[in-house]
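Taken in sequence, the protein lines are chains Z and L. Its first residue numbered 0, the first sequence is counted upward by one per residue in numbering that gives the first Met the number 0. Its first residue numbered 0, the second sequence is counted upward by one per residue in numbering that gives the first Met the number 0.
In short, the hints are calculated from the structure, not lab data. Heads up, some of the hints might be wrong.
[Claimed, not checked] Under the rule of at most 25 Å between Cα atoms (straight-line distance), these lysine-lysine pairs were calculated in the PhoX-like manner:
hint, chain 1, residue 1, chain 2, residue 2
1, L, LYS197, L, LYS103
2, Z, LYS227, L, LYS46
3, L, LYS46, Z, LYS77
4, Z, LYS16, Z, LYS83
5, Z, LYS39, Z, LYS302
6, Z, LYS361, L, LYS103
7, Z, LYS296, L, LYS69
8, Z, LYS163, Z, LYS322
9, Z, LYS21, Z, LYS39
10, L, LYS51, Z, LYS83
11, L, LYS103, Z, LYS165
12, L, LYS51, Z, LYS341
13, L, LYS33, Z, LYS83
14, Z, LYS302, L, LYS69
15, L, LYS48, Z, LYS299
16, L, LYS46, Z, LYS341
17, Z, LYS341, L, LYS48
18, Z, LYS211, Z, LYS163
19, Z, LYS322, L, LYS96
20, Z, LYS165, L, LYS96
21, L, LYS48, Z, LYS77
22, L, LYS51, Z, LYS302
23, Z, LYS136, Z, LYS83
[Unchecked claim] Covered by chain L, according to a simulated footprint, are these stretches of chain Z (three or more residues, beta-carbon under 8 Å):
hint, segment
24, 244-253
25, 352-362
Ideal Cβ positions, reconstructed from N, Cα and C, are used throughout, including at glycine.
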Amino acid sequence: MSNFDKLKSIIIKQPLKLDCGKEISNFPLAYETYGNLNEKKDNAILVFHALTGDQFASGQNPVTNKEGWWNYAVGPGKAFDTEKFFVICANVIGGCMGSYGPGTIDPTTNKTIGTNFPVITINDMVNAQYNLLDHFKIERLFAVAGGSMGGMQVLQFVSNFPNKAKVALPIACTASHSAQNIAFNELGRQAIMSDTNWKDGLYDGKTSNPDKGLAVARMAAHITYLSKKGLQEKFGRNLQERSDLKFGFDADFQIESYLRYQGSVFVDRFDANSYLYITRAMDYFDLTKQYGGNLSKAFKESKTKFFIISFTSDWLYPTSENKDIVIALNAIGADVGFVEIKTDKGHDSFLLDVPDFLSTIKNYLSTTYLNINERRI
Amino acid sequence: MKEEFKVISKLIDERSRVLDVGCGDGILMEYLSKNMVVDVRGLEISKEKVKKCLSNGLAVVEGNAEYDLKQFPDLSFDYVILSQTLQAFMSPENVIKDLLRVGKKVIVTIPNFGHWKIRVDLLFKGEMPITKNLPYEWYNTPNLHMCTIQDFYNFCNNKGINIFKTISLNGQKTSKITASNLKYKNLISELGIFLLEK
Chain Z
0 MSNFDKLKSI IIKQPLKLDC GKEISNFPLA YETYGNLNEK KDNAILVFHA LTGDQFASGQ
60 NPVTNKEGWW NYAVGPGKAF DTEKFFVICA NVIGGCMGSY GPGTIDPTTN KTIGTNFPVI
120 TINDMVNAQY NLLDHFKIER LFAVAGGSMG GMQVLQFVSN FPNKAKVALP IACTASHSAQ
180 NIAFNELGRQ AIMSDTNWKD GLYDGKTSNP DKGLAVARMA AHITYLSKKG LQEKFGRNLQ
240 ERSDLKFGFD ADFQIESYLR YQGSVFVDRF DANSYLYITR AMDYFDLTKQ YGGNLSKAFK
300 ESKTKFFIIS FTSDWLYPTS ENKDIVIALN AIGADVGFVE IKTDKGHDSF LLDVPDFLST
360 IKNYLSTTYL NINERRI
Chain L
0 MKEEFKVISK LIDERSRVLD VGCGDGILME YLSKNMVVDV RGLEISKEKV KKCLSNGLAV
60 VEGNAEYDLK QFPDLSFDYV ILSQTLQAFM SPENVIKDLL RVGKKVIVTI PNFGHWKIRV
120 DLLFKGEMPI TKNLPYEWYN TPNLHMCTIQ DFYNFCNNKG INIFKTISLN GQKTSKITAS
180 NLKYKNLISE LGIFLLEK
């Protein structure tokens, strides 16, 4: 991992009591912002990233030199229009882009914290990021938004802080991680932990990393982000730079080569222990259980306008699970909109150029911002 | 805005909570929320129309009234509106039951199959009628359960549903329908607008 010194961050001084019982304090939370906070401070949108994202939602990530993970959605004139809105995005705790995580150096040992890092939850992530409101002196956010694990953070944020966001956009997510979700995450974790370089999580992060395990974890996960139809259309049974099968275990098929490539580039930018911690946080996420089996209670106090979006070909966080959130909100008469966007791009749709999805968000946000201002809600 | 929507909006009190079932492009919703102080939600089956509504900032949920009305609690709305959609459901009876469960009052409008033009078409042409309100061929119509104003009136009476008001709409003309003029209004009305209560 590169030097994070130049990245923006706040140091959270006051103690944060974690769900696991431990307490952390004086820890860094790295963030990035896009656009400008207006004078009334009523145009801020807090965007939450997914499993392998970071604070660089848009533009170029200065560490990886790659495009921001939500470049299609965040920027001037885009869905989250940074000419109108002030977009804040933080790296979750447990992450590996400058926020407090297992890759952070412990000054007492001069080594990475590794698996001595406490197990964190979505609730912990959200509570840490709440400090950004104080930092920017924002009384109320215009919106909170995110897809996948970002969507889970949206739900948790609104339930923890009922009136701190006027609009909530949970996208392609769930209120309760399913057995299938947990199973896929466990597969990834086992791949990492089976790599002899993992060393019980105490690898040094420089000379030896569990790259092979992390790459396999990424490959497996990547399949779950795409749809069968999407894969078939993009790759089919096409062969990789060869005219016939080679009767061996090289990447004969394009899809094999593609997955191997995805795995190999991932290990350059992501820390294996972070992958363990963040997938664990997702698995532990069960907002329904947090509210005694009644999801509606999570939003009982909220005056937030909800807009929930799912995708037809997303089988990882299917429409049915997104709809459970809609049902819970309707049960308490909350202000809720919901649409399932038609696309073959699978769970990854929320990160991709899906015009229907992006234009609906853009229009929804700009109209709602105007409506709220006119009615002074 | 359609005359029908003007009639509907006059039936609604200010400051009430309204659910528009089959809200389409959200034209009525928009009118209600801009011109009257009402809190309005929508349910719509067409993705395209839902996207349009959401783009206009309306609180619309994609769904099918036949299954998705269940998620709304009893009497959670002051008014539930169902405009010209009843005939398209598999089970209009169950939908009406659900509407009356969710809403304190229910406004149902039906395209009247008893209108004289329709009767004449069928009588003289011997073909399924095609009109402005019912523009489909028999083989592609989404309308599974057509009824007349008289039919719906009888249905309500048989099921013990209270009819508060019945309004006839013929072109731009509105008039009251009563028990005594029912037979006549059933002949000349293009639309029937019913205000119901359990």
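Right, here's what the structure says about each hint:
Among the hinted pairs, LYS197/L with LYS103/L is consistent with the structure: their alpha-carbon atoms are about 8 Å apart, no more than 25 Å. Distance restraint check for LYS227/Z and LYS46/L: the Cα-Cα separation of roughly 23 Å lies within the 25 Å cut-off, and the hinted pair is therefore satisfied. In summary, the hint linking LYS46/L to LYS77/Z is supported, as the alpha carbons are separated by about 22 Å, within the 25 Å threshold. With a CA separation close to 35 Å, the supplied pair LYS16/Z and LYS83/Z exceeds the 25 Å bound.
A distance of roughly 20 Å separates the Cα atoms of LYS39/Z and LYS302/Z; the hinted pair therefore holds under the 25 Å criterion. Restraint check for LYS361/Z and LYS103/L: not satisfied, since their Cα atoms lie roughly 35 Å apart, outside the 25 Å limit. Note on LYS296/Z and LYS69/L: the hinted pairing holds, with a Cα-Cα distance of about 18 Å set against a maximum of 25 Å. A distance of roughly 24 Å separates the Cα atoms of LYS163/Z and LYS322/Z; the hinted pair therefore holds under the 25 Å criterion.
Using a Cα cut-off of 25 Å, the hinted pair LYS21/Z and LYS39/Z is violated, with the two alpha carbons roughly 37 Å apart. Distance check on the hinted pair: LYS51/L and LYS83/Z sit about 21 Å apart at the alpha-carbon level, within 25 Å; holds. Straight-line distance between C-alpha atoms of LYS103/L and LYS165/Z comes to about 29 Å, which puts the hinted pair past the 25 Å bound. As the CA atoms of LYS51/L and LYS341/Z are separated by approximately 15 Å, the hinted pair is consistent with the 25 Å bound.
For the given pair, LYS33/L sits about 24 Å from LYS83/Z by alpha-carbon distance, which is consistent with the 25 Å threshold. Note on LYS302/Z and LYS69/L: the hinted pairing holds, with a Cα-Cα distance of about 23 Å set against a maximum of 25 Å. For the suggested pair LYS48/L and LYS299/Z, the alpha carbons sit about 29 Å apart, so the restraint of at most 25 Å is broken. Between LYS46/L and LYS341/Z the alpha-carbon distance is near 8 Å, which keeps this suggested pair within the 25 Å criterion.
Distance hint between LYS341/Z and LYS48/L is fulfilled; the C-alpha atoms sit about 13 Å from each other, no more than 25 Å. Restraint check for LYS211/Z and LYS163/Z: not satisfied, since their Cα atoms lie roughly 42 Å apart, outside the 25 Å limit. This hinted pair checks out: LYS322/Z and LYS96/L have alpha carbons roughly 23 Å apart, not beyond 25 Å. Restraint check for LYS165/Z and LYS96/L: the C-alpha separation of about 35 Å exceeds 25 Å, so the hint is violated.
Restraint check for LYS48/L and LYS77/Z: the C-alpha separation of about 22 Å stays at or below 25 Å, so the hint holds. With a C-alpha separation of about 23 Å, the suggested pair LYS51/L and LYS302/Z falls inside the 25 Å cut-off, and the hint holds. Taking the CA atoms of LYS136/Z and LYS83/Z, the gap is near 18 Å; set against the 25 Å cutoff, the hint holds. With a cut-off of 8 Å between beta carbons, the segment 244-253 of chain Z has 0 residues touching chain L; three or more are needed, and the interface restraint is violated.
For the segment 352-362 of chain Z, the assignment as covered by chain L holds, since 4 residues bring a beta-carbon within under 8 Å of that chain's beta-carbons and 3 suffice.
The structure shown violates the earlier hints numbered 4, 6, 9, 11, 15, 18, 20 and 24.
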